[in-house]
Amino acid sequence: MSELVLVLAIPLITSAVLALAGHRQYAANINIAGSLLTLLAAALLTVRVISDGPLNALEEQFFVDPLNVFLIALTALVGFTTSVFSRPYMRIEHDHGKLSSGRLRLYHSMFQMFMCTMLVALSTNNIGILWVAMEAATLATVLLVALYRTPESLEAAWKYFILCGVGIAQALFGTILIYFAAEQVFVHEEGAMLWTHLYAYRTELEPTILSLAFVFMIVGYGTKTGLVPLHNWLPDAHAEGPTPVSAVLSGLLLNVALYAIIRCKVLVDGALNTHFAGNLMMGFGLLTVVVPSFYLSRQRDVKRLFGFSSIEHMGLVTFAFGMGGGVASFAGLLHMTVHSLTKSAIFFAVGHAAQMAGTQVIDEIKGLIRRSPTIGWGLMLGSLAILGMPPFGVFTSEFMILTTAIKHYPWATPVLLIALGVAFASMFGKVQNMAFGEPTVKPLAHNPALLPVFLHLGLVLILGLWIPPYLSEWFRQAARMVG
Amino acid sequence: MTPAIILSDALGGQLINLCAAIMLLLGFAMLAQRRILSLINLFMLQGAVLFTSTVIVAYTTHQSHLYWSAGLTLSLKVIALPYILHRLIRKLSVKWDVETILNIPTTMLVGIALVVVAFNVAQPISQLSGTIMRATIGIALACVLLSFLMMITRSKAVPQVIAFLAMENGLFFAATSATYGMPMVVELGIALDVMVGMVIFGVFFFQIRQQFDSLDIRHMERIKEE
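From first to last, the protein sequence lines are chains B and F.
Note that this note's numbering gives residue 300 to position 300 of the first sequence, counting from 1, and the numbers run on in steps of one.
To convert a position in the second sequence, counted from 1, into this note's numbering, add 1000.
I should point out that these hints are in silico values taken from the structure, not numbers from a laboratory.
Treat the hints loosely; a few may be bogus.
[What the hints assert, rightly or not] With a cut-off of at most 25 Å between alpha-carbon atoms, the simulated BS3-like pairs for lysine-lysine come out as follows:
id : chain 1 : residue 1 : chain 2 : residue 2
1  : B       : Lys430    : B       : Lys442
2  : B       : Lys442    : B       : Lys98
3  : F       : Lys1091   : F       : Lys1156
4  : F       : Lys1156   : B       : Lys159
5  : B       : Lys159    : B       : Lys98
6  : B       : Lys159    : F       : Lys1091
Note that this is a predicted model, so its numbers are computed, not measured.
Model the full assembly from the supplied sequences, consistent with the hints where possible.
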């Protein structure tokens, strides 16, 4: 329990400290230290949950079980590596005069606040608090996306705010409906908003209300996950915000929103005894895989390109959980993990590449490998990994998703394969042109921190070759919960 | 307690239905309103109706935590947010007419269709609800959808925000009508989010105007879909 309190309190305290001292030279170090402490606390929490099993804390308002503990650990890890990456990155942005010291303070403080809201959303047992945390995460990221205060970034932030605000209002209505259904069953009022209590009584909940609630939930949280046709905010927000923010948006926030949908699905499945929720997720998922893959080839901005790629992968995960069953859910969880690691690694590399070129336009970035082999190869390998090349982990999870689809939903397989093929064709050529060729890019003024890139890619490689037994047991347990 | 001040369930129910009807009417009024200042006043009025209905539910059902919820509505939606909005409007000196993307009669017709949809969707819920105000769930959903429509059809930043806040009103109305409100900690959290969101909006208004020389969202077309 104390570990959980630490996981939630450290980012909050760090955020408060950085709100005061975020503009100083050493602020980036405080940011890294805070994230490291969060990571350590999350590691302790993980060890605790593995040895003692699921735990409840703070009058049952918070809980940790196999499903959310791995997301908490992943969130803390990517939060830490992003803070390491952001130190030289933001310093260069500051030197280029893109950011004043005041903005830097806002950035550091909001980064930690964002981490805090995501960790609260993941660990809370209360569906109402989950909503509050998701909305708070939106507010924090709106400020981060608009950090540069250029017309484009303001436009992106406004679009993000309005779309996600509308979306999340639908989720609130869904939450109210679930609470309403639960109140019919619960005589005592306290437990009616808690996941653990809801799960215990899920077979008794009124099916009509829950199916209606799920529609509102998937539309609401689906907006934040970037499900087509609610994805419009995502590429803009990724392209116009600072790169560390793009990395945590893609790597973490989308996962957290998807986590909320998965939790709802478990609840609704129990009440309905049909495949209604799964079918809905499969429909949204398939659409979300196909549509962005055809947008990829038209992108000129490198961060938009990878934003669209994130949408596609979220669609794949949604589809996997929609299919359900042990293998598909296992694959979904694995894909969430490897996508999060790979995509944040790519954004780290892309961020520095864009700084070297002074632009995010793909055609104007050339010869990265010649100027900086680490950035160039980081981008190249990361892109190969995200496109599903073996031996990286993305291949493993995509392979598992595809084989399950062949077995149970053969009609979906060609659609998925075509989408993945189109994505490969459109992205590979673009990345190749950026990595190789005659350099147009200039070296960086400060040494970039590229350890995170290779750490992430290394982890993805390991997950592709060999999943450690305790990790696969962990995924299996969570997959069993999801069903 | 003298019988005169004890509201019977029937009377309470009727009063709440009256409030619900006024909520819906205000929803349509906001949809049709062209001037920003009147829009803010309508929003304030909607908050006041929400406050009244919450108090009536609290009184007739003896749910004491609803008084807190009502107090929150009064201080936030009737006093604080309209005050902030009025100040913003004064500072930005935007009193101009609101331009809509669709013309107003069309919007109203679409709004009527939305109300029909909302009632159909809410029917299974209303049948199950044991609360005295079950008839109002459909209206609450209709208010949410009307605000949603307003958000889509307005091209200026300030009316979009007012629509967003009105949507929150509709949701709170749904929560009170279906379940006698949500647990206090959740309501406080939502109120905090709305408040912080409003402050961010306020900052944004100035930034947007500085960058675009206007609060018209249609000027924001820099990011082109390639």
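Tested hints:
no. : hint                     : result
1   : Lys430/B with Lys442/B   : holds, 19 Å
2   : Lys442/B with Lys98/B    : holds, 18 Å
3   : Lys1091/F with Lys1156/F : holds, 16 Å
4   : Lys1156/F with Lys159/B  : holds, 13 Å
5   : Lys159/B with Lys98/B    : holds, 22 Å
6   : Lys159/B with Lys1091/F  : holds, 24 Å
Checked against the numbered hints above, the structure violates none of them.
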